[in-house]
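> Chain residues, written in single-letter form:
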Amino acid sequence: MPSSLKYFLTRLSGSLVTMLVGTIVVFLVMKAAPGDPALIVLGDYATDETVAAFNRKHGLDAPLMAQYLDWLGGLVRFDFGQSLSVSAGENIGDLLLYRLPNTIFVGVYAILIAVTLSLVLGTLAALNRGTTVDTSATSLAVLGVSMPDFWFGYMLILGLSIGLGWFPSYGFTPPSDSLAGAFYSGFLPALAIAAPMAAVFTRTLRTALIENLDREHVMVAKAMGHSGRFRFLHHVFRNSLIPYITVVGLQIRYLLGGVVIIERIFGINGVGSLMVEAAFARDFFVVQACAVVFLGIVLAVNYVVDLICAMLDPRRVR
Amino acid sequence: MKLKHFLHNRTALAGLTITTLFLLAVFFGPMLSKWSSNQHDFMNALQPPSWAHPFGTDSLGRDVITRVLEGARISLLISVAGVFAAMVFGITAGLYSGFHGGWMDVIVMRVVDLLFAFPAFVLALFLMVALGYGVTNVALAIMLVYLPIFARITRNMTETVRNDAYVQAAQVMGQGTPRILFREILPNISAPILVQATIAVAFGIVIESGLSFIGLGVQPPTPSLGVIMADGQEYFRRSPWVLTLSGLSVTVALLGLNLLGDGIRDLSDPRLKVRE
Amino acid sequence: MTETLLEVNDLNVAFRLASANLTVSSDVSFSVDRGKVLGLIGESGSGKTVTSKAILRLLPKNASLEANAIRFKGRDISTLTEAEFNRLRGTELAMIFQDPVGSFNPVKTIGWHFRTVGKLHRGAGAPRGEIMKEAKEVLAKADIADPENALRKYPHQMSGGMLQRCLIALVMFSKPSLIVADEPTTNLDNLVERQILDLFDKLRRETDASFIFITHDMTIAEMISDSVIVMYAGQIVEQGPTEALMRRPQHPYTQGLVRTARELEGEVETLTEISGEIGTGVHPENRCRFAPRCPLYETACDHAIALRPVEGHGLVRCIKAGQGAANEVTP
Amino acid sequence: MTRSTTISRRSLLKSGAAATTVAMVPFWAGAAQASCSTLRAGITGYNVINTLDPGQMTLIPEAYMVWGIFNCLLKFDEEMNIVPDLAESYESVSPTVLRFKLREGVKFHDGEEMTSEDVKFTFDRLRDEAFGSPHRSKFSAITEIRTPDDYTVEIETEEPFAPMLSYLTNTRTGSQIVPKHILESGSNEEFASNPVGTGPFKLVSHEPGASLELAAHGDYFEEGLPKVQTVEVPLIAEESAGVTALLGGSIDVTSTAPFADVPELEEDDRVQVLKQAGTSSRFVSLNNSVAPFDDVHFRRALSYAFDRQAMVNVVLFGEGRAANGIIPSSISWAATQETPELVTLNQEKALAELEKSKYGAGTEATVLTWGSSWWKRFAEVFVLQVNQVLGVNFTVEVSDSGTVYQRMQTGDVQASIWGWLGLVDPDEYAYEIYHTDGARNFEHYSNPEVDKLLEAARRETDLEARGALYREAEALAIEDCPVLPCFESNVHNLLAPDVDGFVQLPYSAFGAQLAAVGNC
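Which chain is which? The protein sequence lines are Z, F, X and C, in order.
Numbered by this note's numbering, the letters in the first sequence go through residues 1417 to 1734 in order.
Numbered by this note's numbering, the letters in the second sequence go through residues 8 to 283 in order.
Numbered by this note's numbering, the letters in the third sequence go through residues 2 to 332 in order.
Numbered by this note's numbering, the letters in the fourth sequence go through residues 929 to 1448 in order.
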């Protein structure tokens, strides 16, 4: 369909523009940030000569525009330059390559948990609207969004790790080492991140289901003799998926936010923990690299979600 | 939305009650406490909860509940400040772009999209590095996290009511745009914004605690919730109560705000009500 | 002798609300003959829609339904289990709703609707090509110019009138013997309304299906139905053959309706309307429910009033009926 | 890539929930502990390793690894006596000349033999200004290095230089012997990430900020060492996380323990706790060249104004001892014996000194500190106390260690919380901090008499006499309070119950000690 193709392309170009503007902002903000990279690295024995040499080495003496273009050119090749202080001289691209899979794994894991939970709770609540089931499900949801995820993380450690000893309270087996190990050691962190999201998803699904249950076409389907199961699947649930998936997509920015702290608490070597360490060490290059990576992830996810929704909802494509 | 309905809505009522109690505790609690938030007593460090110290004492022998209340006040003020700023700018931008559309709309929405594209906490973290730590910058970060949300809601709402009779009437009567926007339109779209605001304040507190928790936000000895939890986290194994109870207080506070938000939403959209 | 298709005896429907039990139709009895059209008339709130939905058991959970019997093709369907009853829906009993746009799942093509209904009633085994072929035929019957294309369309890509035709086609698709049409034209503009009505007219002549045609518009009822039921506040106030009822309405309310209709057709110069509002569902049992608005009200009306036959007519729920008091409504 | 964690059956059983967990022990478990082929030794409390080049290392986690990858001419034995390591024996030919007889057949990780040439190269490199080693000052006293033959080295200093022997031990001295044949041609940057030494372990991989993996050096010169084939070294930023990791069985050894948990852990039979007074000195560094710390009376007032034992209790949860001076008590022959009055809490005297000072109550100053753990609290406790006692108005500023260190060096600081751990010679504390030209004299303190004594101490080869000189110097320095000595912290290692062979030393020895670990 040309119309849909056009839709996809416009959205794509939109995302790309946002990405570009994003890189500019990140770059400028970091430039404006206090503190001189050179001093951060050389610290001990920084003389004017060494500083100058450093700036030359990192092209920090070039005009701003040139610096940006150079950096941007690097981004395209996934080359973010070298780390200043977090792990001096290390190629940031390599740092990210090692950590990105862990972050993505934990993120996806968390989403899986959140979606599973919300599908059950949300459906139960909507179908038993007004009953105790509904009340408890919705209350649970409110509680979920009210807990700071990192605190919940510690409560999980206290209970399931220190208390019952079911799960490791620290450390993460990268999926590349052992997938099963990753699922096991990643459970608590994923759960901690998932809790608030599951809550949001549950509310969304409940709302959507309730709205669609009352739609006339559901009654028409009934009048046509369609079974309750058919009506729920093809009329109610199917249509509720659209707002649901949209929200899942929107939540990604909170998800990744949670990842940052949780990774640190559970000692997961991900992009989040890297960014925090870089922040402490004032490693501008790494911080801005992480920011750009997160920006990219969000835009990519949102784009995919857009495509999915467009496929689910013909009315979107105009 | 009449007060009567409001009081008949359980969710809203519960939310209102908790929030009120929370505010009272936060603003008057410290006065009643016989301790002050920075009054140390090295001989009584890390006392478990007792009648004298309901939440126990921390590593410097400071009364945790007093600190939590003080901290809650600080965190709350930071969050409110940030959210308020976000509302001022977001709503204004949203109103104008929604009302006028055109290039202005395009630009505003582009900026909104951009801010939206950053994970909330990452954006905050990034700003802390750029601007440096400290109270005001945390508030600033919160503002930037919520600005897009308010802008987008307001814009979309404005767009829907733009052609409603009362708006047109106002135009015909030759009222100035600002007046139409803030006097005619804003009141009619305030409900969802109000909902967002309460929820935003709640999450603002989470952001503050998060930043301070990892040490990039408010700095000690200022007792913000995050600072207190960070301190408690260090000797979490030895004396879990500091982190547990301070975090629990946060949860209760947020619960109140979220319930309040839901309540208002229910009232503006009764179909979703859980119970009559 | 025409065979009775549907027979409803003393149908009572009430809604359980937090405050009270709201009776929306009480002691409603009527019957529909095969191949005939029954017009069900009344203003909104008169209980006509509820009554018809009750026949297909489409009422919400909090509605309670009692009836001595609802006989369909001679057997009492009021006692069937939901599963058994569901087998009747679509195939035997079908319904067409007011809002054609809302009647289709917006995210599915018209084709999908036909396919699923087809599979449902012809068995999953039914060859798809076969189903779609029939779908096109029935769409063509419903005056859809390009069925092929219509099947490919999504609801939002079609006009209300087109959708209503599709919906009608979809209903006819399963060849039900009774079709309840709930104000199928109210949401359409006059021209389209006319076309749809013609379509109904055509269908009823071409098929042997019976219709219950719900409307608030006397002229429509007159044009399309063989017999008419007038409902007010959940009660039948008058029922009988269309032609007779239209010429000599017995019940003051009916008279009002007919007069209004005539006036709209411009056969009477002044527009008079029935003053007052239809009451809430809770009615004093010891009084004619129309009394508050009745021009002919007198103290005698202050007791429960039964439907009674008026010769040369049907049934009327009015003490004055047949006493000549019911003045003719003619130019 | 290294595995930062392995969850094992054994560990789960140990983690105190046998009944509940056995059923759900993951099938991949057990892979890592067929025998003790792999030792998982976590570096806790730090996760930054910028270089593994001995000549460049400054951070303790860097030292932890360097100690295991390299050797020095000398080392400390279990009683902290200086004994030969790469050197077979040594003698002082004259007060200014040390002669070392090297072991024969010592192999670098790449199989090349280590000879006197490498030794000479190492020290020339350290002394080369262009190389810019932070350890350069330690060896600036050296005038010449002679290599009569492949296995003999002579180090000559212009005048007797007593600290030299400790500077040649495998500690944070940077004097680890590096291979000439590689560094002559290769680049230092390359070497910093791919170090080649003579030590028991060679580097296999390094995920910056995450973990390192070491493998046994096949032909290591000490028979039977190392006992383990591989060592996995996760870098665990949060000490408390290290504890849970060890209790959870994810690691076998930690480099440190959070002070808060030690008492509880000592009761816990899932872990062995090794602890002793550490060779460390924790103090408040005052910038004597800026207000308000340019006034000796004000500095004295501060020194009188806080309770060091309270600090030990609150900051270290008792895991340490109040300091007498900046020379750690574990260097007993040089450390100040009885506590000087000026390093004790005395409110009257504090206020008296404040009277004499040109700054009064209400004086404002920022105390710089770093880290998220006890360093923060250290500053808080200090500030809270002095504010209370003197009515001054100090505030805490938290940053990261790198920044603090940098600002101290550039003098861009009023006061800062600082300290040193693992420096083994009194000279490294006293001379480098108190002497006008001291490499770590960030206080810009200068007292000719102190300088004279410290220089004399460097020349004095007799231990007793030398110690006396340091005490004398410190006694003088303390009168001026250039820094405020606070406390010495214990060093800790946590070991899984069945780990043996790990010998703890007061300077927080790590890397090299792993070689002797047999069972785990």
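Think of the hints as simulated: they come from the structure by calculation, not from any bench.
The reader is advised that the hints may include incorrect statements.
One side of the interface only, derived from the structure: several residues of chain Z facing chain X at Cβ under 10 angstroms [stated by the list, open to error]:
id	residue
1	ALA1448
2	ALA1449
3	ASP1452
4	ASN1471
5	ARG1472
6	ASP1486
7	LEU1488
8	VAL1634
9	VAL1636
10	SER1643
11	ASN1655
12	ILE1661
13	THR1662
14	VAL1663
Fair warning: this is a prediction, and the values are worked out from it, not measured in the lab.
Virtual Cβ for every residue (Gly too), placed ideally from N, Cα, C.
> For each hint, tell me whether it holds in the structure or not.
Do the hints match the structure? See the list:
Annotation: interface hint on ALA1448(Z) violated; nearest CB of chain X at approximately 47 angstroms, more than 10 angstroms. At its closest, the beta carbon of ALA1449(Z) sits 48 angstroms from a beta carbon of chain X; the interface hint therefore is violated under the 10 angstroms criterion. Annotation: ASP1452(Z) was flagged as interfacial toward chain X, and the flag is violated, the nearest CB pair being 57 angstroms apart, outside 10 angstroms. A least Cβ separation of about 58 angstroms between ASN1471(Z) and chain X goes past the 10 angstroms threshold, and the interface hint is therefore violated.
The interface hint given for ARG1472(Z) is violated, since its Cβ lies 60 angstroms from the closest Cβ of chain X, which is over the 10 angstroms cut-off. Given the 10 angstroms rule on beta carbons, the hint for ASP1486(Z) is violated: about 48 angstroms separates it from the nearest Cβ of chain X. Look at LEU1488(Z): its Cβ only gets to about 41 angstroms from chain X, farther than 10 angstroms, so that hint breaks. Look at VAL1634(Z): its Cβ gets to within about 8 angstroms of chain X, closer than 10 angstroms, so that hint holds up.
Annotation: interface hint on VAL1636(Z) holds; nearest CB of chain X at approximately 5 angstroms, less than 10 angstroms. Of the supplied interface hints, the one on SER1643(Z) holds, with its beta-carbon coming within about 7 angstroms of a beta-carbon of chain X, less than 10 angstroms. At about 6 angstroms, the closest approach between the beta carbon of ASN1655(Z) and any beta carbon in chain X falls short of 10 angstroms, and the interface hint on this residue holds. Restraint check, ILE1661(Z) versus chain X: the minimum CB separation of about 13 angstroms is more than 10 angstroms; hint violated.
Restraint check, THR1662(Z) versus chain X: the minimum CB separation of about 14 angstroms is more than 10 angstroms; hint violated. The restraint placing VAL1663(Z) at the interface with chain X is violated, with a minimum CB-CB distance near 17 angstroms, outside the 10 angstroms limit.
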